[in-house]
Amino acid sequence: MKLKKWRPAIPSPLSLLCPYCKRIPEIDYHINNKIWKLVVPKKFRLGVVCLRCFILLANKRKINWIPYLEKVFLSTDSVVIEFKIVSLWEVPKITKEKK
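The opening position of the sequence shown corresponds to residue 1 in the UniProt record's numbering, with each subsequent residue numbered one higher.
Just so you know, the hints here were simulated from the structure itself, not pulled from any lab data.
Honestly, I wouldn't trust all of these hints.
[Claimed, not checked] Straight-line alpha carbon distances no greater than 25 angstroms define the calculated DMTMM-like cross-link-like pairs of lysine to aspartate or glutamate that follow:
| hint | residue 1 | residue 2 |
| --- | --- | --- |
| 1 | K43 | E26 |
| 2 | K60 | D77 |
| 3 | K42 | E26 |
| 4 | K22 | D77 |
| 5 | K60 | E26 |
| 6 | K37 | D77 |
| 7 | K34 | E70 |
| 8 | K37 | E70 |
| 9 | K84 | E26 |
| 10 | K71 | E26 |
| 11 | K37 | E82 |
| 12 | K37 | E26 |
| 13 | K62 | D77 |
| 14 | K42 | E70 |
| 15 | K34 | E82 |
| 16 | K84 | E70 |
| 17 | K43 | E70 |
[To be verified] Cβ pair distances, simulated, as ranges:
| hint | residue 1 | residue 2 | range |
| --- | --- | --- | --- |
| 18 | V79 | K42 | 16 to 24 angstroms |
| 19 | S78 | L16 | 15 to 23 angstroms |
| 20 | G47 | L74 | 29 to 37 angstroms |
Model, not experiment: these values are computed from the prediction.
Just so it is clear, CB atoms sit at the ideal spot from N, CA and C, and this is done for glycine as well.
With the hints as constraints, model all of the structure from the sequences given.
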């Protein structure tokens, strides 16, 4: 299924698979289009990239996506729930101490 125009927050049975993890995303999201184009390769831009894979791609490319996350949804078989983003922050990486 190829989309000509993106439709936000589709209930999960109608959703597309993430091309990276091959799963149907349960968490849908809106991110600023400029950031989307910087992070997601052109061949996947009209499809779905799950939030987890999007974060991995952005981090790999060292792109700060956090301030550009606009909306987050939980999609189930019959309902879509929109969450209000109150705050976002980066979790510091934990490094193992050398003995």
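In ascending order, which of the hints set out earlier in this document are inconsistent with the structure? 2, 6, 13, 18, 20
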